[in-house]
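Asker: Chains as they are written, first to last, in this note's numbering: chain C, 84 to 433; chain W, 50 to 612.
These are computed hints drawn from the structure, not numbers from a lab.
Don't take each hint at face value.
To be verified - Dumping the calculated BS3-like pairs for lysine-lysine here, alpha-carbon to alpha-carbon at most 25 angstroms:
(1) LYS491/W with LYS533/W
(2) LYS244/C with LYS567/W
(3) LYS244/C with LYS533/W
(4) LYS189/W with LYS537/W
(5) LYS102/C with LYS176/C
(6) LYS80/W with LYS131/W
(7) LYS207/C with LYS412/C
(8) LYS192/W with LYS244/C
(9) LYS138/W with LYS294/W
Residue strings, one per chain:
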Amino acid sequence: MYLSTIIEAVSAWAAQEPKIYALAIGLIGAAIISAVINIGAMAVVWLERKFLGDIQARFGPNRVGSRWGLLQLGADAIKLFTKEDSIPRGADKPVYVWAPIIASITTMLVAAAIPFGALRIDGKDYPLVVANMDISAFYVEAALSIMTIAVFMAGFSSNNKYSMLGAFRGIARMIAYEVPMGVCVIAVALMAHSLNLVEIVESQTLWYAFAQPLGFIVFTIALVTDLGRIPFDQSEAEEEIIAGYTTEYGGIRWGLLYFQEYINMLLGSILLVLLFLGGWKGPSIPLITVLSPMVWFLMKVLIVLIFLIWVRGSLVRFRIDQVTDLGWKWMLPLSLVNLAWAAFVGLYFA
Amino acid sequence: MLSAIQSAFPGSVLESRVESDRRLWITVDPKKLVEITQFLRDKKDFDHYSGAAGVDRINENLFEVVEILTSHGAHQVVVMMKVRVPRDKPSVRSLTGLYWNANWYEREIWEMYGINFEGHPELYPLLLPDELVGYWPWRKDFKGYPDTTTGERAIEQVGPDGYTEFKIMPHPEMIKAGVVPERPKYPTFREREEAEIKSDSEMIMHMGPQHAIVPGPFLLDLLIEGERVKKAFLDVGYIHKGIEKIMENRTYLQGIVYTDRMCYLASITNNEAYCGAVERLLNITPPERAQYIRVILAELSRIQSHLLGTGEFLTLLGAATYSPFQYMIIDREDLVYLMESITGARITHTFVRFGGVRNDLPDGFADKARPILKRMRERTEEYMDLLHSDPIYTRRMRGIGVLSPGDARRLGVSGPPLRASDTPYDMRREDPILVYPDLDFKVVTRKAGDAEARVEVRLEEILESIHIIEQCLDQIPEGPIQEKLPKKIKPEPGEAYYRVEDPRGEMGFYVISDGSEKPYRVKVRGPVYAYMQALPPLLEGAYVADVVAIAGSMDACTSEVDR
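Could you build all of it, start to finish, from the sequences and the hints given here?
Answerer: Encoded structure:
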């Protein structure tokens, strides 16, 4: 096949000029990734509005861009870009300005190491990942938790009581759930004998959701918490503290904070699929053999996303003390139990 | 009862009138007011302070304060106890020492009439803004707000932290007359912060006047330490409309329209309470068919109010995305449609008339209503199931904002919150009106007294209301719907107090007639006024997140407080 010839030629060139190759791949990858995650997140926002509308027996966006409201998000973006950019008096200006930027950078950092599917060429899966590093699972975990800092910066610099409470809640919640989440990732790595996300996917002859169901449940709950979605959206509970840490933000600054939540939601779903649901693995589909891993991958991500939206439409919010309670007293012990189980199975059966 | 008072306090009862076995009107000596009230409370089970009204008897150069006392189920007598004081330097002894909830009623009378209450702990403006105190706007000789210069007198002051405040200085003439300087001022936010904040970890957080939790503008200041509420302060009066005063300047019939506007969720019951009071003045009773129609509408109104109240409460727990709210709104739409088919309006009905109703039921109403009610019953049972089986919901709501039966009575709340605290106090039983005595229904109560119980009571009351409407549809007789009335409604001089069970609790109208076309005084005793007053003590020690749940579970309606 000519595709494999191209790949061979490129790899040969890469061996000759490793530095230029790395730079080129980095730049092209960055461009592609920014496009993919932004468009992907826009799709997620649209999906949430539509699906949530269905859950609540209303239409959702149906005016801008045909009767499916496809261009609603574009209209929203134009609105946010053209709004007045105001910074509240009394705000800590540099911190206030940098908080949304750091939040966006975080999501980009995470996206750099996450495989966005794979192409199947001659029976071999070529993952689509920019930075295929050895410790990518660990790196993604670490980069995701930088979000905590962005949230605290936003809340602290706004000089607003609601923002402050929101930031406190965000920190308390994220600390309580980063730990069990990390332990779950370690358990997966133990079974896969690798911290590389690509290798983790490739080692899943049996999905880890079945191999370690407890870990899967804990990780899913921790993920919802990390994304700050109902029932764990205490940091921006509208009914209590207006909009939490985003209260004083407006215009495109708020837009960035809002949008990165959806990018995070997309990345989180992809992470869940990669770690526990077999990634892009699946039987080849005739006629589109090359794209079949992509089809499986997107289908799984879509199912996870719909699950997340469904949860939002049908649950009420926890109180913050109940959240930390659940995190430290239940999620952490359960994740440790799961770790022991993974170690046992991984050492003796895998 | 009357003789008991007379024998205990010889010479103190100046006038008395026994209207029926449920109403006792007495005028007492102002010097003996507190003693007689204490006697009634301790010896005669009058443990419910229902409200107080100020009346300006300008022709007799007197002020009258009417205290409405009743009991939580021990007996059904309502004592309307009046004290009369001269117009110059009016002063009455405060009842706040006996009844905790006398506080707000006395403050309202003070700011509207200028009647001083001796021994009142915090006699500062409740409903009026600071600069209006001293004009005493509800006095009969009040000629309107004479001062149009407040905007010009406003002084811009930049505070130490860079924020601009506007202060309106009192009018020079009023300072000269000596009215203004004596008046107590409502503490500003800064003063409150200085007075209350004890340590670095505490702060005062506003909830309102524009906030997602509030059903209308009111201000809830929370003194919080971390996530715990240490103390709560409440300020109402942002949208005070002066409906009671407006009704004094309208004919009896025109007044009905204003009762609608007090709370649009309870407009039928407000109509009913006002019309009932005027009917007692006119001494007429509506024909039986009209009574049935009124009951049907009152119960439909109760169902739709409870549905909206519960739905809104649920959105407070889980953002606007918590779906049952939308389904409750869809269900409510059917009921609003039913009501519209009778009255022609969706929320402001103005339907009840003195001695009858405006329209008859439309043809085929029963056939249209029965399937809707049947579906409504199924849906309500589903909601109850849903809330009962939701672990997060029960974790959030159980044991939150607990009102013990004793506390609930002391704070003066009525309606579902009181019944959720194990007190079967329902006006339809206590003070039966219309055809309620002929109908079979049970008063829903719960033991727990927490937020969950209050919502359960509401949902179960929907089932009871459906049961009542179905009985009415079966029993409703043919006949006229309107009693004959004179062309001009001019009741004989007199007064009447009439209570109905609002969706939110005890709704009373106290109407005084002086024989003219317009009522001399209309006093509204609304249930939400009492809820609001009871809110701050209920919030102490709660989490910030629970403030929302507790306030929401009371199903308050600011519009009625600021009537």
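Asker: Now tell me, hint by hint, if it's right for this structure.
Answerer: Going through the hints against the structure:
1. LYS491/W with LYS533/W: violated, 34 angstroms
2. LYS244/C with LYS567/W: Roughly 50 angstroms separates the two Cα atoms, so the pair is violated.
3. LYS244/C with LYS533/W: violated, 62 angstroms
4. LYS189/W with LYS537/W: holds, 24 angstroms
5. LYS102/C with LYS176/C: violated, 39 angstroms
6. LYS80/W with LYS131/W: Distance of about 12 angstroms is within 25 angstroms: holds.
7. LYS207/C with LYS412/C: Status violated; Cα separation ~44 angstroms.
8. LYS192/W with LYS244/C: Since the Cα atoms of LYS192/W and LYS244/C sit roughly 44 angstroms apart, the hinted pair is violated (cutoff 25 angstroms).
9. LYS138/W with LYS294/W: holds, 22 angstroms
Hint compliance for this structure: hints 1, 2, 3, 5, 7 and 8 are not met, and every other hint is.
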